[in-house]
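*Asks:* Take a look at the letters that make up each chain.
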Amino acid sequence: MIGKTLRVAMAENKTQVSDRPNRWDQPFDTSMGEEDVDALLQRREFGHICAENFPDALPLRGILRNDCRIMQLAPGDLLIREGDYGNSAFYILDGDLDVVIQPALPAAMLGRSDTRKRGFLSALSQLWGNSKIPESRDRIRPTELSLSANVATVNLYQSSLASKIFTGLPAADSDQPTLDSKYQTTTLSSGDLVGEIAALGRTQRTATVFVTKSARVIEIRWQGLRDIRKYDATWKRKIDDSYREKMLKAMLASSPYFANLDESTRDRIASQVLFESYGSYEWSHSYKGNSGIGTRAEPIVAEEGHYADGALLIGAGFARVSVKQGHGYRTLSYLRAGDLFGMDELYASWKDNGENHLAHTLSALGYLHVVRIPLTVLKTYVFDSLESPPESKWSSRQVERDIADDALLEWAVEERFINGTQAMLIDQDRCVRCDDCVSACASTHDGNPRFLRHGKRHDKWLITNACMHCSDPTCMIGCPTGAIHRTARGAVVINDESCIGCATCANSCPYNNIRMVQVTDRKGNALIDRTTGLAVNKATKCDLCSTQPGGPACVRACPHDALKRIDFQTDLVS
Amino acid sequence: MKSSSTVFSALGFKALLSWLSSVLVLVAVAVAVTWSQTHLGRSALWSGYSLLAIMAVLSLFHVRKRLSMIPLGRAYWWQKLHIAFGVLSIALYVVHIDGWWPIGGYEQWLAIFFYVAIASGIVGYLMQLIIPGRLTETQDEIIVERINDVIADLRDGARACVERSLAETQANTISRFYIETFDRYFRRPRFVFNHLLGGRFAEHWLANQFDALSHYCDATEMAFVEELHDLALTKARVDYHYAHMLLLKLWLFVHIPAVVGLVLLIGWHWLLVNIYAL
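So the sequence lines, in the order shown, correspond to chains B and V.
At position 340 of the first sequence (counting the first as 1) the number is 410 in the numbering used here, and the numbers step up by one without a gap.
At position 14 of the second sequence (counting the first as 1) the number is 194 in the numbering used here, and the numbers step up by one without a gap.
Quick caveat, the hints were computed from the structure, so don't treat them as lab data.
We put the CB at the ideal spot given by N, CA and C, even for glycine.
No false leads were slipped in.
Result set (DSS-like, lysine-lysine): computed pairs, CA atoms no more than 30 Å apart in a straight line:
#: 1; chain 1: B; residue 1: Lys308; chain 2: B; residue 2: Lys319
#: 2; chain 1: V; residue 1: Lys245; chain 2: B; residue 2: Lys202
#: 3; chain 1: V; residue 1: Lys245; chain 2: V; residue 2: Lys429
#: 4; chain 1: B; residue 1: Lys593; chain 2: V; residue 2: Lys245
#: 5; chain 1: V; residue 1: Lys429; chain 2: B; residue 2: Lys634
#: 6; chain 1: B; residue 1: Lys187; chain 2: V; residue 2: Lys245
Chain V regions said to be covered by chain B (calculated; three or more residues, Cβ under 8 Å):
#: 7; segment: 242–251
#: 8; segment: 255–268
#: 9; segment: 311–325
Using the sequences and the hints, build the whole thing.
*Replies:* Right, here's the structure in full:
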């Protein structure tokens, strides 16, 4: 379509000469100047980076100027919130920051909603207590957070909860407060790097970091961090060591093939693996415009027929396992964090002393982070200890199933619905379109349904526009207040009070499952922002009835058993 | 071929339980009635109160729909119970009145409401088996509240197509044909009954109309005719949806009033029995 439009425009001589869009057309922070870059290069950690190793198109100075920004933080400012997804790492220039180790700070303090289940009577009271006015609110501002007008930073000391957590609040001249002794913390200081694993590995932040003394940090967005790691051996070692220590060991310990090894063996394996990433971190943006990209456009991680030099452990993201079928590829399965590829084939070739070629292709769906475990490592430490030969869940699928049997899987992978852990699937052959599911949803959300009973369809299966509570929740990246978060039970929810209506999450959701709504007061009066004069918006979505007793009301309300919440991996592939 | 375990799973354990419980209730009532008759008791009381209890359970299905916010079990199992107890109520009713049709005038009104409720229930059960699949087969999914908007959009598209054809071809064949034939077609849903019966009259009619039109059109006009044909076929699919959705909505206006009327008559019947018969 685009190509055709372009050809027509060129044929009609409707062209205009312009500069090609560049990566740094939009710097991370326009206020970063050459003097800031010079100051950074004066510091040991940046000064020691060998600028000659960087390609001409990607100079170190360019990365520092365009992919970094300097942040001045005040005591109490929250830098990293536990449970958030973020795409930046932070390097501390001056000052001290505290990391809360345990217990975690209260949810309300971090802008999170209270997801305790309602009692029976409280749930029943919704029958008469729900508002008749759509999207009306008692309160639109948080009670526990203080949000500045422009940047929604959170200052813990200004929270009313602070008195419960800090034994002494800071004085006007910003003395350091003392955290209640039950909170165990550790201090980070100048020269420390924090948040790099979550940024590169696309995982949740594992701890809360806040400022105790005035501090200056440099925020490095993931693209810059990735390139510095790529071209500088010291930073690569530092980040990789950190990844090995914080993430990899836990991953190996939870994998069935490595769990039975002793810790020192696992440490030796961890020290010899390689880290690789494929695809685009911001896949959700390109997905919206290019739905239906075929497998051939996906970055190939390991190709059918090629020599297998190691097993691939998925660290983050999704990968497609496929096999050549005529002029295309047939999808046999997809893998996600924790899954292993190639183990069965490597084991078989080792056992039989046979040829070592892959029988399947692995390609990246969007962003993919993999850990490559070399064959020599597997031969030395793993294969001998296995009680039974490894078996992949897709190896027999090709033979046992007709091509048509996998149409639903192909579609789900193509549309990236595999990301969902609680996708709402409606069997249209059973659904009488009575909308009891929508009514039930409204009855548990103050009269406002939180999903639309339409969406993409394959055969008789409809995936509705309801939040799928993704395993790779792109919506959670970039929320300035932490309003959107994952509950302990795995649901992705939005705290209505701390949502500032910036629509970052709604724009990031590749499936259009988050809706921005204009809110009113309880009398139905539109709420207008005093500063901008614009209507106050809030992001809304399915919360999986997190606070309701009995689970999702939509599932319970369907009289025809047509509606299910499914995880494609467990409900379709397995 | 499904294995027996798959069939059992498809039936569902709780559905089976519903049928089993209704059979048990029936057997229990039959035993009680027989015992009552052999002991010169009032056997109609047993069957009557059993019927009253069954009717109460049947009515609770509607109450459960209103109480989605509390965990009262899945509506699916309630519906299974509703169906099983609905069938059971027929047997109990026959036992209660000792036949298929009562004698008294008031009781005959009660019987009419009962049979309408039962018959509409059976029709509803069949509809829920047939209609969803039919709608799925159209490949379109239209929310019923939006059907009028969709038809309006199609009408606007058709009119725009006709206006463009008039401007570009300087021939009035298509516009005249639209005014004479298609204006009416695009105004509101058509061939509703035929759609409900599963007929394909709409497509047949459209094929005939466009066949007639194409005799008077050159190649340039035919491009517009084809565009119009596509819009008309889309409209036929929307009408198909409308017809079935309308039937589903109308069904509620039969079953629910019949049940409400039945409950009111049962209340009065219970009162009369307690005042005059006992």
